[in-house]
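Letter by letter, the chains look like this.
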Amino acid sequence: MSSSRFPIPQGTLDMLILQILSLEPAHGYGIGQRLEQISKSVVQINQGSLYPALHRLEQKGWLKAAWRQSETGREAKFYSLTRSGQKQLHVEKASWARLTGAVQLIFDEGAAQ
Amino acid sequence: MKRMLNWFRRRKLESDLDRELQYHIDRRVNDLLHSGLLEPEARRRAALELGGATQIREEVRDIWLTRWLRDFVYDLRFSARSLLRSPSFTATAVLSLALGIGATTAIYSLVDQVVLRELPVAHPERLVLIDWKGEQLAETPLGSDNLMSYPICRDLQQQKRFFDGVFCRAATTINLSTGGDPKPTAAELVSGTYFSILGVSAAPGRLLTIDDDQTPGSSPVVVLSYDFWKNQLGSAPDIVGRKVLVNRYPMTVVGVAAPTFHGIDVGEIPSLWVPAVMSAQAIPGFNTMLDHRTRWVQILGQLRPDVSLAQVRAGLQPWFKSMLKEETRRTEFPKVDPGMLRRFLASTLEVTPAPQGHSVLRHSLSRPLWVLFGATAVLLALACLNVAGLFLARGSARQREVSTRLALGASRGRIGRQLLADSVLLAFTGGLLGVVMAPVAVRALIAFLPRDTAANGLQANVDTRMLLFAFLVSLAAGFLAGCVPALQAGRKSLESSLRERGGTPSGGLSLRRGIVTAQIAFTLILMVAAGLFIQTLHGLLAKGPGFETSSLISFGIQPALNGYSGAEETQLIRRISEGIRNSGSTQASAIASVQLLLGGAWSNSLTIQSGERFTTDHEVQMNAVTPGFFETLGTRIVAGRDFNEHDSLDVAVVNQSLPVSKNGQRVVIVNEAFVKRYFGGRSPLGARVAMGSAPDAKPDTEIIGVVQNISYRNVREQWEQAYFPIGTELSGSNFYVRFRGTPESAFRSIRAILRSADPTLPITYFRTLDEQIGRSLNTERMLSALSSSFGTLALLLSLVGLYGVMSFVVTQRRREIGIRLALGATRLSTIWLVLRDALAMIAAGTAIALPCVWALGRLVESQLYDVKPTDPVTILAATLVLCSTALGAALIPARRASAVNPTDALRFE
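Chain order of the listed sequences is A and B. For the first sequence, the working numbering gives the first residue as 1, with consecutive numbering after it. For the second sequence, the working numbering gives the first residue as 114, with consecutive numbering after it.
These aren't lab readings, by the way, just hints derived from the structure by calculation. On a predicted model such as this, the values are computed, not experimentally measured, just so you know. Misleading hints may appear alongside valid ones.
[As the list claims (entries may be wrong)] Every beta carbon over 10 Å from chain B, so not counted as near; a handful from chain A, in silico:
hint	residue
1	Val91
2	Arg98
3	Gly101
[Claimed, not checked] Now the stretches of chain B that chain A is said to cover, found in silico as 3 or more residues with beta-carbon under 8 Å:
hint	stretch
4	130 to 136
5	160 to 173
In this text, a Cβ means the ideal position worked out from N, Cα and C, and glycines have one as well.
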């Protein structure tokens, strides 16, 4: 584990999971892998917290799960986004954009002086 | 909710999670193997990265069930197991809670149905009752409350600023024939706006509309109730368009109301609705529907959503005041004295919320029901306290278990929650049993109600509101019973309780003493209440109606409802009374125009001329009777004479003008109360009276006799009364028959006489006067029966509680008692030692209860008769019974204490 990898920021795991699943349904292991791939191994996720997060999102009704054959031929639990999950993703993306925008503004302000 | 469901599929969830995690590890191991790691290392890395499967499982379980729910479910399971291990404790606790919860739920069910429940109509919260407050100067042909005239309803319908709609209604009984013999049937006369405002839909056909409510007599249509259609007509599919006879008058059925709609009065469920414009056909002899001075309907309105009650009250007054002024200018406005006129003009319009509709039953029953509800609440509290006491006793036995758990690291909150789970589980089991018992209890209660149960919609069904109430009450009972022991569990220091020796647990003794004291206080309150209500009932029964009720029958007929015209009706009634008089089983018989002991009366004020002229300061109760009425009832005429055949009159008795007899003389008989109030005991014979208080009333009716007081509206009341001779034109009659032999044979012969006079004429009622008294005292009977059974139950509960505590004390002080006895104490002094303890509790309980009795007394005062709520005899008797039985209960353990063998006691440990 190189020190150049960040632990995932608090509270963003849910949003990232939703984002990954908005592309296509996936099982827990696949989600973890894809998170690492897409973020070019910069983001490091704690695999231990992945499953509680998935079950929490399922409990909230944002994800639904089904057992299906995976690419290795074994049955795996595939998660996919529900309609309210999609809505939630939009909400979270929007608020994330507002947050980062605000942070950027503050940085720009500092640079201008 | 979803989480609750998760509980039931937790096995599936667990195995799914296991599979999911296994899949993850296998894949990871596989990948790591591919990257060149050896299998054991790969497995180690995979498990490490995942961070412990057990921890993940725990975390996920918390998500499924939330922490506290999971813990609570485990607690409940543990409780169930430990409760099943001590079945006698569990049975006692569950039974006492079931009694408490069952009784409370049963009374609540009635309170809910009679007082609380909103009508199943559109926007019940916007319904208001509009009533006249003040002197209405109107006649009241149909007895009821909150009555108004029909024209006011039409005026109010124009007040569109405040109301989305206004309707009026009047309950009445008609003779309905749907093909066979006519039967008396409950009907509601309604304005055309009634159904549309209430948002009722039609099952088949249509409902009444404004078009059905235009000109008097123009709309011979009716709407049937769903129940009537179903039960009496077998849900006939061709019902719409069918002809029925309402009092022999043909009307067409245009539809059936929706099954959920039962009118707006829980005490009187109509079987059909008739347009108000058909009132002359529905109420024979009534033809003043459009008269401003005849009040016969209740008016209800639906407020506009944006209008507040205060706005309506204020907003309607200007219109109302100007209407009052206009009324006085009408030609038919009665001539009254200036005081009366002032009171008329000072009248206001009262607007009150009526989400439950209008009900006379509610008016008479809500107070007694609330009193009973309070009593059951006390009973339930007692049961809870008993269970709390049992818990404390059990808790002291479990002291070591609890201490051990504390020592092993359980938090005090956790232990307390465990005890709460115990009591909540018990309470819900009790609640379940209670709900099973409640409908039986409700059925028994409904039998006590003062009206015919057929006509009121009270039901003994379990419904969601009742279940919800039972659930909440159980929950509250569980917490109440459990919180005391739970708090107790958290209080004691750990070391001290572990250090205690097994034989001397002292858990919560002072608390248990407190509980017993509270129980004794509650019980005394209930017993005093029971004593008061029993005395009330006995007082009323002993007083009686003022006449001999045994071997007296009354029955009623209303020939006008069967299409008889005035002359035919008179003939029929004459024929029937002749038949009865000549029957062998009859001793005496007479007719009265108003039925006795039914709650209603014909009343009006009288102007009296005896030396000076004055008006009665309140209304006098009146009746019109045939000669021989007083003899039939067995009341004595104390002065003057009875009516005779010559007094019988040429015209029917109507309210405003008094009848003239054949020889041109008008006569009246008054009762002793009347003489006492208005003549100060002097002889009234020869004085003259006039009906009403108008200045132009002519006192030309001579008082010819004085009779003893008898009950009129109910047994309780003693009022001034005036009797007039019944007119030669007889209508709607109540017969009173003094019979020989058994009531059954008298019933049979009277029925035969009626059948031979007219086989199709329905009898409106037929009962012995004993029955009638029973009915009129139903509320009192209910209060005394229930309060005394509650009192007995409460006494039993507190005796058990006291006995439990005293037994506990004796066991605990065994050593001490042994030492005392060894040192030479007598057996008697030992008994006293224990009894003193009990006496302290009894005295404290009594001391708490007495001020409460005094304070609560005024709440029940209106229900009492001839006894003050602070009646010393009742209170003393209740206290004596309670103290003596309580001492008896304490004596058993006390005797056991005195029987302690000193050597055994000392060797015991």
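Verification of the hints:
Even its closest Cβ contact with chain B, about 21 Å, leaves A/Val91 beyond 10 Å, as expected for a residue assigned away from the interface. Chain B leaves A/Arg98 outside its interface by the beta-carbon criterion, the shortest separation being 28 Å against a cut-off of 10 Å. Its beta-carbon lying about 32 Å from the closest one in chain B, A/Gly101 satisfies the requirement of being farther than 10 Å from that chain. Coverage of a stretch by a chain is defined here by at least three residues with a beta carbon nearer than 8 Å to that chain's beta carbons; for the stretch 130 to 136 of chain B and chain A the count is 5, and the condition holds.
A stretch counts as covered by a chain when three or more of its residues have a beta carbon under 8 Å from one of that chain; for the stretch 160 to 173 of chain B and chain A the count is 8, and the coverage holds.
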